[in-house]
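There are 2 protein chains.
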Amino acid sequence: MYYIGVDLGGTKIAVGIVSVYGKLLYKYTVKTEADKGVETVISNIIKCIESAVAEYGISISNVASIGIGSPGVIDSETGTVIAAFNFKDMINVCLAGEIQKRINRPVAVSNDANCAALGEVVAGAAKGYSDVVMITLGTGVGGGIVINGELYEGGRSRGVELGHIVVNHGGNLCSCGRRGCWETYASASALIKRTMEEAAAHPDSLLAKMVAEAETVNGKTVFNAAEQGCPVAKAVTDEYISYVSEGLIDLTNVFRPQIILIGGGISNEGERLIGPIKKYVAENSFGAGIIEVPHIARATLGNDAGIIGAAMFAKRTLK
Amino acid sequence: MYYIGVDLGGTKIAVGIVSVYGKLLYKYTVKTEADKGVETVISNIIKCIESAVAEYGISISNVASIGIGSPGVIDSETGTVIAAFNFKDMINVCLAGEIQKRINRPVAVSNDANCAALGEVVAGAAKGYSDVVMITLGTGVGGGIVINGELYEGGRSRGVELGHIVVNHGGNLCSCGRRGCWETYASASALIKRTMEEAAAHPDSLLAKMVAEAETVNGKTVFNAAEQGCPVAKAVTDEYISYVSEGLIDLTNVFRPQIILIGGGISNEGERLIGPIKKYVAENSFGAGIIEVPHIARATLGNDAGIIGAAMFAKRTLK
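If you're matching them up, the sequences are chains A and B in order.
Residue numbering for the first sequence follows the working numbering, beginning at 940 and increasing consecutively.
Residue numbering for the second sequence follows the working numbering, beginning at 940 and increasing consecutively.
Keep in mind the hints are simulated off the structure, nothing from the lab.
Treat the hints with caution; some may be incorrect.
Each pair may be met inside one copy or between any two copies, as identical chains are not told apart.
As the list claims (entries may be wrong) - Cross-link-like lysine-lysine pairs, in silico, DSBU-like; alpha carbons within 35 Å at most: (1) 951 <-> 1217; (2) 1258 <-> 1066; (3) 1027 <-> 1217; (4) 1218 <-> 1027; (5) 962 <-> 1159; (6) 1132 <-> 1217; (7) 1218 <-> 1040; (8) 975 <-> 1173; (9) 1132 <-> 1218.
No experiment lies behind these values; they were computed from the predicted model shown.
Here chain A stands alone, though its shape is the one from the complex (with noise of 0.2 Å):
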């Protein structure tokens, strides 16, 4: 038997065989078309579900389950989308009836962030841990937590908005209508909108330099220029740091995972980002000292994490 996840991006879906010890075995990719509409969209993970199917070489029949990590706030139970902003209408969305009605297999769905943590415990770099908060710094900060080994999704699978949390009372306006929540000081795109900034506030900084000569500004453009030695470059890899680990710690403190993982396009700065935050948390953590303080690694499956876990996750719910 083999196990399906989907991991339905804003741009593309992926959908990955995936077995029952939760490798991937094959993975195809279509475009979400996600500005077409919601139905559109259900017909492109069908279609994208078929291909990957037929091209692997195997009959619908041998698929135990499909799970689709989504993005949203999900009603795992019922398998519906409550509400997903990125994509057009869709909200109340009961994906898993929909792809149901279509490919008659076994559907679930749980958060695309949800998912990932689970691939990570499944087959990445969480693997052999129960307890573990994974973060995800991109557009926005996402995350999932296992707890004892299964997912925890908050009740009624409405929780874990990890990115939601407030680290600057009356901060920056974040896309949720709160102010100062992490997301808005600890995600890719506020690296890059403090870069900017920076950067035009000091025009002869070695940061705006590189910031005019690189093609694209992105997470690595900061960092680069800190590791150069520009000072104004590394005031903004610090500020990020601490906010980074500002949320890291309120995890610790409140979920004392054995592991924290963090991915993200961010995470490829690896030591040079996952350093400093190991020795910012080990010393802000409550009981600093005499509480042990999780581990913080990479999370290691990139995208995959996202089908491995969603495959997973179908495959545990659906029994």
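Guided by the hints, dock chain B onto chain A, whose structure is given.
Below, chain B alone, put in the same frame as chain A:
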């Protein structure tokens, strides 16, 4: 069979005889004498248990188990107080072992705020709810979390330090060593500190007059002044309510409980505290208007919650 719950406080020890259904049948109290060291505290606990049993007219052999709610970080697996900072030398003390050695009954230990949350679920304002967050606004901010009807204590029972989530990066210095913790803005102590500061800064205000005339300035002082129309007091209560709410929104976004209970001295302010908090949380939680927000209510058991919860924790744990 009876169950004993012990609420180990900094000033007094309260022992309760609790029924199998979580009803508090009898209560006995002695002084903690925390300053005299661990040995004295332990023998006071023993004395208090023995007195409670004798006064209620049962024998210790009628007691199925003993639960202790202790401040500090607890390893509930071994019944050890890892660190309770306001007790002299209470570091790595196996309270369960010490009590069990002298009274031959099974003993379990958990954090006092955790026990209070469980107590409210078993016999108080959260009865009938399975997903609950309870916070206590006192000298500090304590918290407990119940998930699926069971106490959630964090990894190795070292989590759920709800007072130590950040609300202002770089803000007020907290006793835990970190800056900006929720506790430094939302505790009763924080409210009283702000009351005194603003009364001093506005000597002609009604608040200043009421502070000067008060026998003891407590949380009620500023709420009373605000109700009588003092704008200085109103600004203090508004600010306080916003800080309490910000932390509750974090807990909502992460746990999405069915109900949030507020306990501690400040909760006596009733609707003039809870009314505005409800509004603030409803308006600023993630997915406001789309995802249900938790009920928010006062805890009803007061100090008895910790006793009942400790007894029920031991009953559930020591199977």
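Each hint, compared with the structure:
1. Taking the shortest Cα distances, residue 951 and residue 1217 sit within 35 Å of each other inside one copy (33 Å), while across copies they are farther apart (39 Å).
2. In the homo-oligomer, the alpha carbons of residue 1258 and residue 1066 lie at most 35 Å apart both inside one protomer (22 Å) and across protomers (31 Å), since each shortest distance falls under that limit.
3. Only between protomers do residue 1027 and residue 1217 lie at most 35 Å apart by alpha-carbon distance; the minimum there is 31 Å, versus 39 Å within a single protomer.
4. Taking identical chains as interchangeable, the C-alpha atoms of residue 1218 and residue 1027 lie at most 35 Å apart only when they sit on different chains, with a minimum of 29 Å there against 42 Å within one chain.
5. With identical chains, the CA atoms of residue 962 and residue 1159 are at most 35 Å apart within one copy only, with a shortest distance of 31 Å there and 60 Å across copies.
6. Both within a single protomer and between protomers do residue 1132 and residue 1217 lie at most 35 Å apart by alpha-carbon distance, with minima of 24 Å and 34 Å respectively.
7. In the homo-oligomer, the alpha carbons of residue 1218 and residue 1040 never lie at most 35 Å apart, since the shortest distance is 51 Å inside one protomer and 41 Å across protomers.
8. Taking CA atoms no more than 35 Å apart as the test, residue 975 paired with residue 1173 passes in neither setting, with 43 Å inside one copy and 50 Å between copies.
9. In this homomeric assembly, residue 1132 and residue 1218 come within 35 Å of each other (Cα to Cα) both inside a single copy, at 25 Å, and across copies, at 32 Å.
In this structure, the hints that do not hold are numbers 7, 8, in rising order.
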